[in-house]
Amino acid sequence: MSAAVRIRSLAQPVAALLVAFAIAAVLIATTSGEPFPKSLSVVAESFTALFRGAFGDVNGLLRSLAKATPLLFSGLAVAVALRAGLFNIGAEGQLLVGGLAAAWAGYAIKGLPLIIHLPLAMLAGAAAGALWAAVPGVLKAWRGAHEVIVTIMMNYVAIYLTHYLVNGPLRDPATRQTATPTVLPTAQLWSLPGSATNFSAGFFLALLAAAAVAFLLRRTALGFEIRAVGLGPDAARAAGISVPRTIVTTMCLSGALAGLAGAVEVLAVHHRYLDQFSPGYGFDSIAVALLGGLNAPGVTLAALLFGGLKSGANEMYTQTQTPIMIVGVIQAVVILAIGIRRLRGRREG
Amino acid sequence: MTAPLPTDTPIIQMANITKSFPGVVANDDVSLAVLPATIHAIIGENGAGKSTLMGILYGRYQPDKGRIRVSGEDVRIDSPARAIRLGIGMVTQHTTMVPALTVLENIILGAEPSRAGFIDSRRASERVSELAGSLGVELDLRASAGTLSVAALQKAEILKALFRGARILVLDEPTATLAPQEADSLFRLLHSLRDSGTTILFITHKLREVMAHASRVTVLRGGKCVGDRLTAETTPDDLLALMIGQRSVAASILTELGASPLDSEPTPAYLVGREPLVPAAAMPTLELRDVSVVNRRGAVAVRSISLDVMPGEVLGVAGVDGSGQRELAEAIVGLRPLQSGSIRLDGKDITGRSVGDRLRAGITFIPEDRHREGLVLDFSLAENLLLGRERDRRFGGGALLDLRCIEETGEETVRASRVKVPSAEVAARNLSGGNQQKVVVARALMGDPRLLVAMQPTRGLDVEAARFVYEQFQTAQQKGLGIILFSLDLDEIFAISDRIAVMFDGRLMGVVPRAEATVDRVGQMMVGRPASEAGST
Amino acid sequence: MGGHPSPTVALLLASLALAAPLVMAALGGILSERSGVVNIGLEGMMLTGAFVGMWVGQVYGLGAGIAGALGSGLLLGLLHYVLTQRFRMNHIISGVAINLLAVNGTGYFLRVVFNAEGRSANVAAAIPVGAFILLSVLLVVAVQVALNRTVFGLRLRTAGESAESGRMAGLNPLRYRLYGVLLSGALAALAGAYLSMSQTTRFSDNMVNGRGFIALAAVVCGRWRPVGAALAALAFGFFDALQIQLQGRVRLPTEFLQMMPYVFTILAAMLLRPIPPADLGRDES
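Residue numbers (my numbering), protein chains in the order written: chain A, 1 to 349; chain B, 350 to 886; chain C, 887 to 1171.
It is worth saying that the hints were derived from the structure and are not from the lab. Mixed in with the good hints, there may be bad ones.
[Unchecked claim] Computed from the model, here is a short list of chain A residues facing chain B with C-beta under 7 Å:
hint	residue
1	Glu45
2	Thr220
3	Ala221
4	Ala238
5	Gly240
6	Ser242
7	Pro244
[To be verified] Straight-line Cα separation of at most 25 Å, SDA-like style, residue types lysine to any residue; simulated pairs:
hint	chain 1	residue 1	chain 2	residue 2
8	A	Lys38	C	Phe995
9	A	Lys38	C	Phe1000
10	A	Lys38	C	Asn1001
11	B	Lys697	A	Ser242
12	A	Lys38	C	Ala1002
13	A	Lys38	C	Arg997
[Stated by the list, open to error] Label pairs and their calculated CB-CB ranges:
hint	chain 1	residue 1	chain 2	residue 2	range
14	C	Val1023	B	Thr496	25 to 35 Å
15	C	Leu1158	B	Ser420	51 to 61 Å
16	B	Gln442	C	Val1113	45 to 55 Å
17	C	Leu1158	A	Leu40	27 to 37 Å
18	B	Thr496	C	Arg1035	50 to 60 Å
19	A	Ile116	B	Arg764	47 to 57 Å
20	C	Asp1091	A	Thr48	25 to 35 Å
Using N, Cα and C, we set each Cβ at its ideal position, and we do this for glycine too.
Using the sequences and the accompanying hints, generate a full structural model.
See the structure below:
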């Protein structure tokens, strides 16, 4: 890809971010309670605190990377699905069942060495996510049911199902918290000692996943079929590609990635499934996928950015009392600004 | 049959209408004059510009140049609403009746009798029933439009136009999907409308209809108006000659070689001097037995057709648009299931196999709509060559793609097809129509297929690109490829077919060896005369 | 006869009270989708209505609060229309963004304006539950009649089934889509205002909590028809009321009851194959 094209394809996400920050700035300024010149300094302070908290020092950076980890996994999940033209709004639910399955495999299966147990637990998480996403996939392929509605419904089913399980049959009797028993050490993923940052090996696994997705899309037959179905479903069909099979496979892949997001959080950060451990990673991932232009390197950058923003938001609140929701507003405006050019499995990078 | 002497002032005058779309001039300085209370026909082959012209009259398009006069006044028709206000009503080829609404709702849409915003359904159904009754049309107004037959829908559409007070009725290919009796019934209705003062304009291919029902006919060809006749003073052969003319690509290639497609004598020479491949092989590549196919709307589009295609031959399938060719082609490729019958490839039954399976068995496809079905426009040229073949051994043989091989194949194709682009990484969207088609053809001929289903392979191509396509076909034929060619371009059919099959109304009217085929004979079969009777002029 | 109502009647009343906002939001969803515009943003529109209603209502009284909520719903509806019809944005993406904007926007303003951590001071006046239930029933009838028997309804349905046919008949389908989406915003916002200004007279973070999606589910289960959607919403309200009553009393896990609306919708999608309006979500090309 030529340099000119590369620069042009960066322009849109950057422009979207600038617009989003501008609108956030206006919001902060007008609600700061200060008159005009002073309100601008409130904006400046807020943004400075935001970025400082995110990337200003080592701890902040590690925290940002840790927050970026589940965002990257689920952002990849949404991006892969969108490349095939599918809207996977269900990453949140797939993440929850993935986390729970990983936790269960982590504490219920005993007597295995780390080298088997840990991958097994992660696999359980991926499989659970894949299965959860297979439902909307099959319904779409077989019945033409719109996956948006079904995935949204599956989210809520997942929320209630995991809530029930972790409150009931899978609950750890030994503690007050609503959680499963602690995962065995042989299934725990390495994390930085001292729980201040939550940084773990999961981050590197997420990067690996990004590389794997990039490889899949560019260098495998399946990846080619996914892109073909997303960009030209009629031509794909007329050329002999099985569109239903591609849909189901893609949803399963997407679900597996989202399931891994949950699995990694559980196995690395909390070491058990904690009720409501997800502050909505699955929903954030839509913005991450769109901002990242649906390709692995872009999604990685977007996940790092939003991980940073989420991490820095706390610092921003501490310093300037600007509520952390401003990050969500930025996310929303980014989606609007990017989505204005019709997006349908379109590769922007 | 002479119409009553009309007054001299045309009720519709379209003068010097020119309209272009990207890449094509649809109407080139076309003029049309229609007298009031007459039935006026517009004929021409596909792509001649008839629908565009009527679309301009109805306000769907704006002409680039030209004037329109209705009832003597200069007008600008900038929307269908304006056309309706001028008293023009249109019945399109594909119905605009909304299936989910009732017949009554469809008819009154846009002119609903109402009281305080509520639809006055009693008054509405009274008025519509009255109108229907006065025309002898029977319709169940409360039925949902989705349940109506095509013929009934059409009557409803006419009612809809008349309900809005149309004095001028435009119909686009009204009998394309009607059975003969339904067509008769329609024309009776049109005649009685004409007698009560309505002006009727209808677009058609069917010369018999023109001679039987219209008092005047305008012929379009290649975007231009090439003739305007009183039907009393012309013959079907005249009209056919005006319609077909000598402008198509295949024709100009033939002309270069000294062969003329309009000879009424059979032409012994074949295109580009190739020796006819005698089907010495006993086993046909493709065998269709009693194949019936249903179209998207549930109507039977292909009626019990049996056909063979021999290795190395080109079987050209001629027919007016809508005779079932599309459905038959889709059925052979696997995009559409058979309602009944069987398909065999090299003796093996493939009825019910998927598109991918058939591709691997050796059937390839050049679809009609290269933008939607032929190419993924956002893929590069090289990637498009890969479409459907990404798991072929030559490209990696399974899960992984051999990127270098893909790139090389792309470059090689660019070279061999003489596509003028900097590299094979160019997006298909940015290629010209001709180059896009070259890519589709190149992909279809990759890997020594057994049977090629080609739909309109040279539509919209210039001479150089079309010639390339025919050369590619030839090369592949020498390796045993059988081609079934569906084309609306008679010249093309005549230029490269070994045998010519004709479809009409979903049926096979006959198969004629090229050596015994004349345009006249084939033309008559295309409009419904069986092979036995045709050609006896 | 007097004293406490029997448990059954109490359950029924509770169902109605819980179903009413769902019905209203579902009616909004129907109006938008029957005109051809997918509206995933009902959730966000409800939340915005809840917040704005509470905010304006605190300062200027109940009537102003309702008007404010309606206004915010109209604005969001207008945004959705402009994005999807003028900018040709994908309907789903627009809806997702609106939801995100609403959740974070209301959360932001909640903290900035009220200095509150996730909830607000109580609203002085309140929307009477009975009146709201009555209103929603009347609206079901009104929307049903409007869609099927008025000129407006016929043209709106045409816009959603076949915009091209509408144009051929001389209409402007986009205008009816605008009306459909504006109405959906207004109705959803009104439903949201009820949530924050009736029995529960407070606003808390994300208080709609998925009801906008349940309303969508009711639209699908009811096959895009007002009466069908209302019945589905009533069923969902019933399950909600049931699980509240059963909490702590019965061993049956309440989560399964809470799951019911969502499972039903998935089953409906699988078994019924409900057919949406033909032109729904289609991009103009």
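Restraint check for Lys38(A) with Ala1002(C), where alpha carbons must lie at most 25 Å apart: 24 Å, holds
Range agreement (Cβ of Leu40(A) with Cβ of Leu1158(C), hint 27 to 37 Å): Violated, at about 56 Å.
Answer holds if the nearest beta-carbon of chain B is closer than 7 Å to that of Gly240(A); otherwise answer violated. Hint on Gly240(A): holds, closest Cβ of chain B at ~4 Å, below 7 Å.
Look at the Cβ atoms of Asp1091(C) and Thr48(A) and judge whether their distance stays inside 25 to 35 Å. 27 Å, holds
Does the hinted range 50 to 60 Å hold for Thr496(B) and Arg1035(C) at CB? 21 Å, violated
Assess, step by step, whether the Cα of Lys38(A) is no farther than 25 Å from the Cα of Asn1001(C), and give holds or violated. Satisfied, since the Cα-Cα distance of roughly 20 Å is no more than 25 Å.
Pairwise hint evaluation, Phe995(C) against Lys38(A), where the allowed Cα distance is 25 Å at most: Cα-Cα ~20 Å, so holds.
Should the interface hint for Ala221(A) be scored as holding, given a Cβ-Cβ cut-off of 7 Å against chain B? Status holds, d = 4 Å.
Minimum beta-carbon distance criterion (7 Å), Ala238(A) to chain B: 4 Å, holds
Would the pair Lys38(A) and Phe1000(C) pass a check requiring their Cα atoms to be no farther apart than 25 Å? Judged against 25 Å, a Cα distance of about 21 Å means the pair holds.
Under 7 Å is the threshold here; is the Cβ of Thr220(A) close enough to any Cβ of chain B for the hint to stand? Where the cut-off is 7 Å and the nearest Cβ of chain B is about 6 Å from Thr220(A), the hint holds.
CB-CB spacing for Ser420(B) and Leu1158(C) relative to the 51 to 61 Å hint: With Cβ atoms ~53 Å apart, the hint holds.
Against the hints set out earlier in the document, violations occur for numbers 1, 7, 16, 17 and 18.
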